[in-house]
Each structure stands twice: as C-alpha cells, then as structure tokens.
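**Q** Here are the chains, one letter per residue:
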Amino acid sequence: MDVNQAKQEHLLALKVMRLTKPTLFTNLPVTCEERDLPGDLFTQLMREDPSTIKGAETLMLGEMLTLPQNFGNIFLGETFSSYISVHNDSNQVVKDILVKADLQTSSQRLNLSASNSAVAELKPECCIDDVIHHEVKEIGTHILVCAVSYTTQYGEKLYFRKFFKFQVLKPLDVKTKFYNAETDEVFLEAQIQNITTSPMFMEKVSLEPSMMYNVTELNTVICGDEGKSTFGKMSYLQPMDTRQYLYCLKPKPEYAEKAGVIKGVTVIGKLDIVWKTNLGERGRLQTSQLQRMAPGYGDIRLSLEMIPDTVNLEEPFDIICKVTNCSERTMDLVLEMCNTRSIHWCGVSGRQLGKLSPATFLSLPLTLLSSVQGLQSISGLRLTDTFLKRTYEYDDIAQVCVVCPYTSNES
Amino acid sequence: MDSEEASAQRPVTLDITVEDVNKVAPAPLETSSQTPSRDNDLPQEDSIDLGGEFGTPQEDSNATPSESLMDKLNDQMMESVMISDSPSNSEENDMAPIDSFLDGVVEEDTSGEKEGQCDTGQNATTIKVLVGGQQEGGSEDNVEEDTIKQADTQGHFMENISPSSDSQCPSDLKNEEPASQGTRGTSPKDEPVPVCTIFSHGSQPKSLVPDGFQPTLIKSPSFSMGGSGVNDDPVTPSKLTTPLVCQPSPSLSKFFTDNGQANPASDFFDSFTAPSSFISISNPNHSSSSSSISTTGGPLDSDPLTQTIVFATQPQPFHELQAVFSGNDDPFAKALSLSEVDRRHDAWLPSEETRKVLISVATLSYSPAYTETNRLTMPGLKFDNLQGDAVKDLMVRFLGEQAAMKRQVLTAISVEQSFTGLKQLITSKNWRAAVDLTGRLLTAHGQGYGKAGQPTSHTTDSLQLWFVRLALLTKLNLFQNAEMEFEPFGNLDHPDLYYEYYPTVYPGRRGSMVPFSMRLLHAELPQYLAKPHEAVDRLHNLKIVCLTILENLEKGLAEDGSMITLTQENRQASFKLWQSRLSRVMYSMANCLLLMKDYVLAVETYHSIIQYEPQQRVQLLSGIGRIFLQIGDIKTAETYFQDVEKACQMKGSQSTHTTCMLMNRAFVYLSQNNYAEAHASFTEVLKLDPKNPVANNNAAVCLLYLGRLKESLGQLEGLVQQDPALYLHESVLFNLTTMYELESSRSTQKKQALLEAVACREGDSFNTQCLKLV
Numbered sequence: 000m001d002v003n004q005a006k007q008e009h010l011l012a013l014k015v016m017r018l019t020k021p022t023l024f025t026n027l028p029v030t031c032e033e034r035d036l037p038g039d040l041f042t043q044l045m046r047e048d049p050s051t052i053k054g055a056e057t058l059m060l061g062e063m064l065t066l067p068q069n070f071g072n073i074f075l076g077e078t079f080s081s082y083i084s085v086h087n088d089s090n091q092v093v094k095d096i097l098v099k100a101d102l103q104t105s106s107q108r109l110n111l112s113a114s115n116s117a118v119a120e121l122k123p124e125c126c127i128d129d130v131i132h133h134e135v136k137e138i139g140t141h142i143l144v145c146a147v148s149y150t151t152q153y154g155e156k157l158y159f160r161k162f163f164k165f166q167v168l169k170p171l172d173v174k175t176k177f178y179n180a181e182t183d184e185v186f187l188e189a190q191i192q193n194i195t196t197s198p199m200f201m202e203k204v205s206l207e208p209s210m211m212y213n214v215t216e217l218n219t220v221i222c223g224d225e226g227k228s229t230f231g232k233m234s235y236l237q238p239m240d241t242r243q244y245l246y247c248l249k250p251k252p253e254y255a256e257k258a259g260v261i262k263g264v265t266v267i268g269k270l271d272i273v274w275k276t277n278l279g280e281r282g283r284l285q286t287s288q289l290q291r292m293a294p295g296y297g298d299i300r301l302s303l304e305m306i307p308d309t310v311n312l313e314e315p316f317d318i319i320c321k322v323t324n325c326s327e328r329t330m331d332l333v334l335e336m337c338n339t340r341s342i343h344w345c346g347v348s349g350r351q352l353g354k355l356s357p358a359t360f361l362s363l364p365l366t367l368l369s370s371v372q373g374l375q376s377i378s379g380l381r382l383t384d385t386f387l388k389r390t391y392e393y394d395d396i397a398q399v400c401v402v403c404p405y406t407s408n409e410s
Numbered sequence: 000m001d002s003e004e005a006s007a008q009r010p011v012t013l014d015i016t017v018e019d020v021n022k023v024a025p026a027p028l029e030t031s032s033q034t035p036s037r038d039n040d041l042p043q044e045d046s047i048d049l050g051g052e053f054g055t056p057q058e059d060s061n062a063t064p065s066e067s068l069m070d071k072l073n074d075q076m077m078e079s080v081m082i083s084d085s086p087s088n089s090e091e092n093d094m095a096p097i098d099s100f101l102d103g104v105v106e107e108d109t110s111g112e113k114e115g116q117c118d119t120g121q122n123a124t125t126i127k128v129l130v131g132g133q134q135e136g137g138s139e140d141n142v143e144e145d146t147i148k149q150a151d152t153q154g155h156f157m158e159n160i161s162p163s164s165d166s167q168c169p170s171d172l173k174n175e176e177p178a179s180q181g182t183r184g185t186s187p188k189d190e191p192v193p194v195c196t197i198f199s200h201g202s203q204p205k206s207l208v209p210d211g212f213q214p215t216l217i218k219s220p221s222f223s224m225g226g227s228g229v230n231d232d233p234v235t236p237s238k239l240t241t242p243l244v245c246q247p248s249p250s251l252s253k254f255f256t257d258n259g260q261a262n263p264a265s266d267f268f269d270s271f272t273a274p275s276s277f278i279s280i281s282n283p284n285h286s287s288s289s290s291s292i293s294t295t296g297g298p299l300d301s302d303p304l305t306q307t308i309v310f311a312t313q314p315q316p317f318h319e320l321q322a323v324f325s326g327n328d329d330p331f332a333k334a335l336s337l338s339e340v341d342r343r344h345d346a347w348l349p350s351e352e353t354r355k356v357l358i359s360v361a362t363l364s365y366s367p368a369y370t371e372t373n374r375l376t377m378p379g380l381k382f383d384n385l386q387g388d389a390v391k392d393l394m395v396r397f398l399g400e401q402a403a404m405k406r407q408v409l410t411a412i413s414v415e416q417s418f419t420g421l422k423q424l425i426t427s428k429n430w431r432a433a434v435d436l437t438g439r440l441l442t443a444h445g446q447g448y449g450k451a452g453q454p455t456s457h458t459t460d461s462l463q464l465w466f467v468r469l470a471l472l473t474k475l476n477l478f479q480n481a482e483m484e485f486e487p488f489g490n491l492d493h494p495d496l497y498y499e500y501y502p503t504v505y506p507g508r509r510g511s512m513v514p515f516s517m518r519l520l521h522a523e524l525p526q527y528l529a530k531p532h533e534a535v536d537r538l539h540n541l542k543i544v545c546l547t548i549l550e551n552l553e554k555g556l557a558e559d560g561s562m563i564t565l566t567q568e569n570r571q572a573s574f575k576l577w578q579s580r581l582s583r584v585m586y587s588m589a590n591c592l593l594l595m596k597d598y599v600l601a602v603e604t605y606h607s608i609i610q611y612e613p614q615q616r617v618q619l620l621s622g623i624g625r626i627f628l629q630i631g632d633i634k635t636a637e638t639y640f641q642d643v644e645k646a647c648q649m650k651g652s653q654s655t656h657t658t659c660m661l662m663n664r665a666f667v668y669l670s671q672n673n674y675a676e677a678h679a680s681f682t683e684v685l686k687l688d689p690k691n692p693v694a695n696n697n698a699a700v701c702l703l704y705l706g707r708l709k710e711s712l713g714q715l716e717g718l719v720q721q722d723p724a725l726y727l728h729e730s731v732l733f734n735l736t737t738m739y740e741l742e743s744s745r746s747t748q749k750k751q752a753l754l755e756a757v758a759c760r761e762g763d764s765f766n767t768q769c770l771k772l773v
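Chains as they are written, first to last, in numbering that gives the first Met the number 0: chain A, 0 to 410; chain B, 0 to 773.
Please keep in mind that the hints were generated in silico from the structure rather than gathered at the bench.
You may find that some hints are simply not true.
[Stated by the list, open to error] Computed from the model, here is a short list of chain A residues facing chain B with C-beta under 10 Å: (1) 20; (2) 21; (3) 44; (4) 61; (5) 67; (6) 68; (7) 86; (8) 200; (9) 202; (10) 232; (11) 275; (12) 302; (13) 333; (14) 335; (15) 336; (16) 338.
Positions of the beta carbon are idealized from the N, C-alpha and C atoms, including for glycine.
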C-alpha cells in the first residue's frame, strides 16, 4: 500500500494521518408528496437516515462529523497536525520502542514528537499513539520523517523510517500602497487576496505600527454606538477575492525629526493577519516590516496649517502657511507672491521673512482672493534664500472651492 | 535591464532603496549561503531575499527604473508585500525557504529517503550527510562561480524567484550532479519518491474507482430475447420468481402507427388510470388470452405475444391506486372532493404559449394530434441495464463466489411488476432494482429504451413513474443519467404535460400532470452537475409560480387565477399546501446556495424559511450556526446558537432541544480546538439519548483527535455491531474504515468484516465507496 513499504519482517507498522478538521456530512434531500407514487416512502427514508436533521430533514448541512478524506492543502501559518500510530502487527511482545517524528523543511529540521522516551514494551495488537502539532512557518517542501526503533523479543534491534512529503503553499497575497497626506499622516491601503481554494474568515487584520507611529484603523463605520465593519455582515473572503483595508498612521511627535519632519525610509509596521477556515482551522501570518519612503521636501517645506474649503468669489480669505527649514543650514528667506489667472494675493510681495535656523518653522498668515469660480488651485508662492540665491517655487499648494455668494435672481 | 528586473522583485520599498538593496542583496546571499558552515544544518540567509522570493513582480510599475522619487510616490500601482512567516518566528529567521540552492537540497532529501528505505538499519543522519555533500557542491560553486556571479548577479537573482521548482542556474546544476553522484552512487535514481499513502487516498481519480456498475446506453439483451420465455412462463403460475421479462410489445407501437385518426394512443393510456375501465395489463399467471387491452376496443391483432405484456401479476396495486380516485361510499361526493384535491395539487401556471395551445384544445379548434412535435414531450429510457449490486461485486472479489452467493437482495424481477413491487424495492433500499423496475413499467407504457423522440402519450401514472425513476437516480448520485432522461421533458411546460390536452381522457380535469416534486427535482438537478446557477434559475421560477398561486388564493381566485369560488375550507387547505411547497422550494434554494458557497444568500434564505416553518426554528438557527462554523466565523455562530437556546427556552424544555443545544456547544468547542470539551458535550448528549447516532459518531471522532484511536475504534465498532440499522451509514463506515487504515496493516480484513455486515442488511443502493476496499 505504501510506496516506501516497510519490509515485511518488521513487527511494527507505522501509520500517519494528517488531522485536518473533520467535516460535516451533507445529505442529499429528495422528497415527494403524499399523493405521489412513493407516498411517504421518501420522507420515511430520510427520517430514518441518521445523518439528517430530525424535524428539518431537507436541511442539507447535517451534524455528522466525518474524518478528513485526503491530505488537502496546507498553507503557511496554519498548524500541521498529524496522528502517528505505531501498531504491533506481530504476535510477540516488542520492547524499547522509540518513535521519533521530525519535520525536515528546506532550512531546518524540527523534532515534533511529544516525548522522546522509549516505550518499554508493546503487546501484540497494541498501539503507540501520538498527535503532533506544528505551526508551519515556511513555504515549500516539507518532509515528515518518522523513525521507529525497537527490540524484538530475541534481542534483535530493528529500525525503520518512513517519509511523508508535502508542500506548504502561500495562502494570501498582500499588496500595500501608501498615500501621503498634506499633514504628516500616512494612509496605508492593504489589499489582501485569498489565494487558497476555500473561503476564509478574516478574524483579525491589524496593523502593528512601529514605534514611530500611532495607527487608526479605518475599516469600520460608526453608526450608533458600535462600529460596523465596512465589509458587511459576513466577514469572509471567497477564493481569489480581494479586500482592501485602510489604516491611518500618525508619526509620534517624539520620533519625528526636529520640526516634525520625517525623512527617508521609515519602518511603518507590519500587518498581522489571523484567519479561520473549516470548523475553526486557524492560520496566522505577519507581513514583513512595511517600509515607507517619506516624501522628500527639499530644503524648505511649505505646508498649510489652515485653509477654508469654500470661499466666496472675489472676497479675500485667509490661509496660514507653515514654512519649515529642512536643511542643515540657516536660511534668510524672502517671500514673493505671484498672481495667477484666478488667484490674487493681497499684500506686498518681496517681504523679508528673516532668518530661519535649521529644523525650525514659522507660521505665515496670508490673504488672497479668487476671481474665478470653481475649484481653484492656490499657486504662485516663491521663497528665495538670499544666502544661496536659491528660489523655491510652491505651486498647487492646496485647492479651494470658490462659489458665488449672490442668489440667482439678483444676477 | 538589471535594475529593471531588480525593481520588479522588490516589494514595498521604493525606488531608491530598491536599487541599493538589489545591488547589494545577492552578495550576502552568496557568501552566507554558499560558504559551507558545518555548524548549521542548512545555510542561513539574509532576509532581503525573501522579498524576491514571494514578491509578485509588477512589471508595468517598474518599467522605468530611472523614475524620479516623486513619480514613484504618485504611482498608483500596488506594491506586493511578501509574507515573512508566522509571527512566532523570530525576525532573524526570516529567510528564504528555498532558492535554487536549497532546492537542490530537497531533491537530495528525497533520494536520501530512498536510501533510508533500502537500508533501514542505517543511522538517521542520512539527510544531514547529504546536506553536507550538497554544501560541498555549493562551495565548489562558490569558488568557480564567484566571478560569474559578480557579472550575472541580477540574472541569477531573477531566476531564484521564478516560481518553477527547477530554477537553478545551469552552472549550479552542472556542479551538483557530480557532487550528488559522489555521495550516493548506487541509490536508484528512478525509484518513486515516497509519498504518504494515507494522505493520497482521496486523490485517486474518480473514474478509476469502480463503483460496481457502468451506466451505459447499451440496450440490455434481456429485452430483445425475452419473448419466448414469457410465452412459456405464464402457464406455470407457481414459478413466481422466474424471470418475468418485460418487453416492448409490438402492439404498443401499433397503437401509434397503424391508425392515427382515432386517437388510439390515448385510448391505450386511458386504460391505465381511468377508474372505470379494467386494467389494461394481462396477468401472465392467468391465461394469456384474456387480454384486457381488447376490452378497450382498441384495434388489436390476435398475436398472443402482444397480449402478454407482462406488467402486473395481480391487479391490486391498481385498485389501490384507484381507491384514491374512486369513492367507496358516496361516489358522487367523493368525486367532487376528489376533483377539489386534484385541482389543488395539480394547479400550475403554464407559459403563455402553452396556455394558448391548451385553450385551443379545449375549444376544439385544435386537434392535439397536430401539435408540432417540438412542442411535445417524447421521453424514453436512455439506458436500461443499470442492474447490479456493488456489494455483491465486492463480495465476489474479496470473499469469493461462495460467500457472495449468500447475499440475497430483491431485484426488479423478483418482485411484483407493479407499484407495490416498486415500493417494496424502495423500502428495502434496493434503489437500483427499483430503477430497473420503473424502466420495465415505462417500457410497457411505450416509453422504453430508444423511444425518446417518438410520439407518445402521457398519463398521471407514466409521469409518476418517471418521477420515481429520476428521483431514485438522483438519490443514487447518478446525476448524469437523470439529466439525460430529463432532457426530453424540456422545461416541463409542453402542452401535452397538462390534463387539458387530453379532454377525452381526463374530461374536466385541469392542471399539470407533472407532479410538483418532479418539477422540484428537475430544478435541483443541475446543482449536482456543477451548474448551480441554472438550478437557482429554475428554483426561482418555481418560487414565482408558488407565490403567484398564493396571491391568487388570497385574492379569492382559484389557484390558477380562474374565477372559481372555493369554499373556505378548500381555500385554507390549498393555502397550506402551496405554502409548504413554497417553503420546500426555499429549502432547495438555500441548499443550492450553500453548495455554491454563497453563504450570505444561503443564510438569508434559511432565515426566511423560519417564517413558513416556525416549528423548525431551532433546527434552522442551529443549521445557520453550523454554516458560520464552517466558514470559520465562530463568534457569529455563537450568537446564532444563543438564539437557539432562547428559542428552546421559550418552547419549554424538550429533550430534543437540550440535545440540540448540547450539540451546538460541542461544535463550538470543536471549532476552538478543544476536543476534550467537545467530547464531553457529545457524551452528555448520549446520557440523555444513548441511541443518538450523531453524538455517538461525533464523540468517537473527537477521541481520535485526542489521540485515543483504540477507544474511538472500539466505540464505533461496538455501535455498528449493536445497532447496524443505525450505524451502517456511509459516514460512520467511512470514519470506521479510515481508522482501520490508521490502526493496522490488516485493515482489509476488518473492512471485509464490515462488508459482510453490510451484505446482510443493506440493499443494492449501498454506497460501497465508504468501505474503501477498492
């Protein structure tokens, strides 16, 4: 039966069965009515069938548990459980039996046996049973190596091994994307795809932020007192389905570089995913550390601290800009304001802003108005560092909606 | 080109780092992995490589490696993230499980197994040794290839991540060959890789598993050669069990071919069911000349052969059947109420086109004989030699002819050739024989093998026979056969499937001749043939008809919308009937959705059944809970189970409800991997209901997961011996045989013992696959 048959002279037989979760038996309801030819025969047959639900025989999903029918698939992060049974097939007592179960992965060899002590003796028709569990941490070929050594009643020491090879597959495909907000917030979109062949219940998908960030999960909608999942009532993922999770990350002030700027590549954190499948078969995975390249701001960063979203046509409005010196040197800045077709700056252009030391910032209240309706882009700010004679241009800083305040009958 | 590939492999990190990392990455990989380090079993690797390993290349987003940083940031493409491993693995162990190098190791391992197997006495270090050998090969690699690697780093790297298993560099390969041969020169290369056979059971291709019979389209010879035998038999009435061969009688075809104008076909079929006329079947045990067919006045020639249409040995079943129709005390009142019952059950809403035909038939403007053939139903058997007994076949194979002789099951020829015989076969679970019998009876109706496509006529009985046949085929999982034979019926809406089409045969009777159960079966069938959407479509149509009829009843009309005043009593009865049919359709729909794994809709549909079947609330809510457990959503399942407990409390404590609650609790424990508690709960059920087969079986299954194989086996074996009626069920036997296989090398003997137990009790419909003997 086995490919690697133990030679017949072995007194012990080793059998291994993977213990995936049992399945619920489904029956196949075929019914008829009293007036039909079989009368109540079909109904009676179904009532007598032990696998049907009494009182609701037409309900397909029964309660009878059946043992796993084949090895199935095993995925990274799931637990490999297996029954190992050593049976004495002979009619003599066998002594000093040692059963060892090792799992050989492509990188290491793990001992999975519960105990490493030998069993003193095994009578005929008796078994040594062991259930091993191992959380699968690697993709690819795994080989379960079961070794049995024992002594016959004549003192002969015998030994045999069996190998069971299986492949560990990847269960999920995870893709991420970062969106940098105007503020220092970062939004992380994670697409998680179920690449197994069975539905998966996502029990937990969370972002464990690195020390530098605080995280807010944006996957629930607050309605009433409790949050409702954005994924609907049933949080399961069909094979090949993808789902997007969104997270908002805020840098902790103490970890931000001086003046609240984060530069270069930073570690954002990792996604922790826990899923369950048939009857609670559990799996857990973490992604590698997600890294994010903070947007470069050059020497001077200009960001907006305050801006109205809607303004009236041809009416001045105020904005507050924040100018941060991201360079390593002190700057002496001059502000120029250039009008565009729609945006008109109020006040004097060419104003001296004074000296700005490295990693400091200043707030800059400005006033402007728009002469054109609609969504207008604020552009035309120029900062010149008089030390190096370098001009920095800031266009498309933000957008405002410009509306006409007058009612239509007046116009 | 280099950087292009490189960036393609990088997950997450952006442009600049990508370039850096990839230029550097392969170098540490090479040094760390290829330098043989005897301390470690296998080389460690830099975690950077993992990204390459699992990252999904995004060609388009990385097509231009020189993109500016800002471009990169604005890029809308998603970046692929590799999954490092499970969280309990430490960060340092983040390493590629297999690159080309390690792939080689795995190959070695498998050949190592071969060696281990040939020489069982050898020490268990084979694999390690081989790994060492491989590492030597690797170090040679290192020396020879250092320069190549420098030049070709990116290319090599690319190959590492390619999904194909043999992603080795040609040079790697070259170097491995001699190395591996050096270490174990004699190990046979072509020996198969050892594979766990217990695991691979299910992978056996279905087609190779003999299931005891071959559904074929070949006509059974018994039908063509039986004529003379039949002629001889009737004169010996004592030989009841001698084969009564049913044959397609030439007289039947005469009904259809010789004179079409007098509507003889309906005359013939009339005789089957019309209460007044004598049964049109000759009794072979009586004198063969007393053919009742002649009494119908149909043109018959006097060939005795035609008169021995061996159909029923006794006419009682037909009388029984007539009893349904004809009254015993007050024929008139009975007939009236009968027509009420008929109308109620037969009501159906034909399609517009069919309705027109039926109206024109009623108004005599249209002769049914001239309906275009494509609007007619012309069924016929598509196969007729289904006979067979898989249990017996297995007995012959494993226990020998002698033992197999002992098995006695009813067959189509050993029972009355009538509805009684048919019921007998169904009750004794000889469904294959029952299918055969329906075939014989249908052949007598002129709808036998090869008759599909030939004009025929339908009666209530012929359609009931078809229903039974198709239902049994479905029960036997012979879905393809059922589908083939269903095909001539189309969508069950042809005019000749309505009573109105036969005004002379069924005067005044209206509605569908096709039983509702057959429509349901027709709708359900595609779901078993991987066409669940078609099933849902058909079920929706049934649902709409049910709803329309209920609506008609509410409006005070008859079921079909006609203006017939119904008594309150009749309306109530009709309403009840159609509501139960609607709920049955909903059940089928929910079951089908469950098969489709559309859990959202399935749960919704099951939930909606509660309003029609409030007494099934507990079962339905528990069922929904189990669906959630199947998906893995234990929390939601628990809320449903809480609802069940509330519903149970409201109804007061019934033992069935306590059982149900305990079962649900056990399933939750099971889903939490708490097999001990699950076992305790199942055992508690057994205290209340010691004969509960589900609890007994499930408790045994839990024992296995607890590592108590012998106890589990003992429990199941005991059950099967004590109460075979309950436990010779395929699920229980499947569990039992699985455990036999796990327990010892002598599972075949034990399975054979089971086969003997099965042979004494079970009919020919037993699914022998669960014995796992073949």
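**Q** None of the hints should be skipped; say for each whether it holds.
**A** Quick rundown of the hints versus the structure:
1. 20: holds (8 Å)
2. 21: holds (5 Å)
3. 44: Where the cut-off is 10 Å and the nearest Cβ of chain B is about 8 Å from residue 44 of chain A, the hint holds.
4. 61: With a closest approach of 8 Å, the residue 61 of chain A hint holds.
5. 67: Holds: closest Cβ of chain B sits about 8 Å from residue 67 of chain A, inside 10 Å.
6. 68: OK, holds: residue 68 of chain A within 10 Å of chain B, min 4 Å.
7. 86: holds (5 Å)
8. 200: holds (3 Å)
9. 202: At about 7 Å, which falls below the 10 Å cut-off, the nearest Cβ of chain B leaves the hint on residue 202 of chain A intact, so it holds.
10. 232: Status holds, d = 7 Å.
11. 275: holds (3 Å)
12. 302: violated (16 Å)
13. 333: Nearest chain B Cβ about 26 Å off; hint violated.
14. 335: Result: violated, 23 Å to nearest chain B Cβ.
15. 336: violated (24 Å)
16. 338: Violated, because the Cβ-Cβ distance from residue 338 of chain A to chain B comes to roughly 26 Å (cut-off 10 Å).
When the structure is compared with the earlier hints, violations turn up for hints 12, 13, 14, 15, 16 and for no others.
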